[in-house]
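Peer 1: Residue-level listing of the chains:
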Amino acid sequence: AQSVAQPEDQVNVAEGNPLTVKCTYSVSGNPYLFWYVQYPNRGLQFLLKYITGDNLVKGSYGFEAEFNKSQTSFHLKKPSALVSDSALYFCAVKEYSGAGSYQLTFGKGTKLSVIP
Amino acid sequence: GAVVSQHPSRVICKSGTSVKIECRSLDFQATTMFWYRQFPKQSLMLMATSNEGSKATYEQGVEKDKFLINHASLTLSTLTVTSAHPEDSSFYICSAPQGLTSYNEQFFGPGTRLTVL
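Respectively, the protein sequence lines represent chains A and B. Residue numbers for the first sequence follow the numbering used here, beginning at 1 and rising by one. Residue numbers for the second sequence follow the numbering used here, beginning at 1 and rising by one.
It is possible that part of the hints are untrue.
[As the list claims (entries may be wrong)] Simulated pairs of lysine-lysine, DSSO-like, Cα-Cα distance not exceeding 27 Å: (1) A/Lys108 <-> B/Lys64; (2) A/Lys22 <-> B/Lys41; (3) B/Lys64 <-> A/Lys49; (4) B/Lys41 <-> A/Lys108; (5) A/Lys77 <-> B/Lys64.
Hint data in this document are derived by calculation from the structure and do not stem from the laboratory. None of the values given here were measured: they were computed from a predicted structure.
One chain only, chain A, in its complex shape (with noise of 0.2 Å):
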């Protein structure tokens, strides 16, 4: 089976400094990786995805994902942080579950705390 790890629980940055949430994923195949984003009792957001061709995606809000195979990471980036990208990110692998579907397994999240 297909999963992806976040090792961090909480990332906290300063408003304006960079900002990187790790992911690191474990596939078969080809993988197709994704980002989520949630904000607090909401459903989640997708930001980016990677298929195939470039390693760095770029996504809604700023964001962009580096595809790094030979360390199998999926790392979400983006250059100036801002108070509103707090929120639980979600790092994601899409897998064939049977019957012509496909279903997404998730990693168990990072809450991204931006200070001002």
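Using the hints, position chain B against chain A.
Peer 2: Showing chain B alone in chain A's frame:
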């Protein structure tokens, strides 16, 4: 992006009652929808995959008689928590992929907070 809605957003009920949660894809058709459960400060746990026109597929450990899923149309799936008990209190989230390929992102509903007294 595509929009998925859920109703209700919050429900409080007495122990022993049944609660129905609706999930709708508003601007696209979804032959498959997913139901997740999220405990406080934890990740999303997939409960079941809802398939239009056929039975839902439940994850291991999820009671199918407890959590009834009906995918009535290409835009509507419902989750009914039958005879709810306090331990069923949780945040329930549905999602739907816009397409069935591996690279389609899933769109998530805003979630339903269920509190069973």
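Peer 1: For the pair supplied as a hint, A/Lys22 and B/Lys41, is the alpha-carbon distance within the 27 Å limit?
Peer 2: Answer holds: A/Lys22 to B/Lys41 is near 18 Å, not above 27 Å.
Peer 1: So if I understand the rule, the pair passes when the alpha-carbon distance is 27 Å or less; does A/Lys77 with B/Lys64 pass?
Peer 2: 40 Å, violated
Peer 1: For the pair supplied as a hint, B/Lys64 and A/Lys49, confirm whether the alpha-carbon distance does not exceed 27 Å.
Peer 2: 32 Å, violated
Peer 1: Does the structure keep B/Lys41 and A/Lys108 at a Cα separation of 27 Å or less?
Peer 2: 9 Å, holds
Peer 1: With the threshold set at 27 Å, check whether the alpha-carbon distance from A/Lys108 to B/Lys64 stays at or below it.
Peer 2: Holds. A/Lys108 to B/Lys64 sits at ~25 Å (cutoff 27 Å).
Violation of the numbered hints given earlier is confined to hints 3, 5; the remaining hints are satisfied by the structure.
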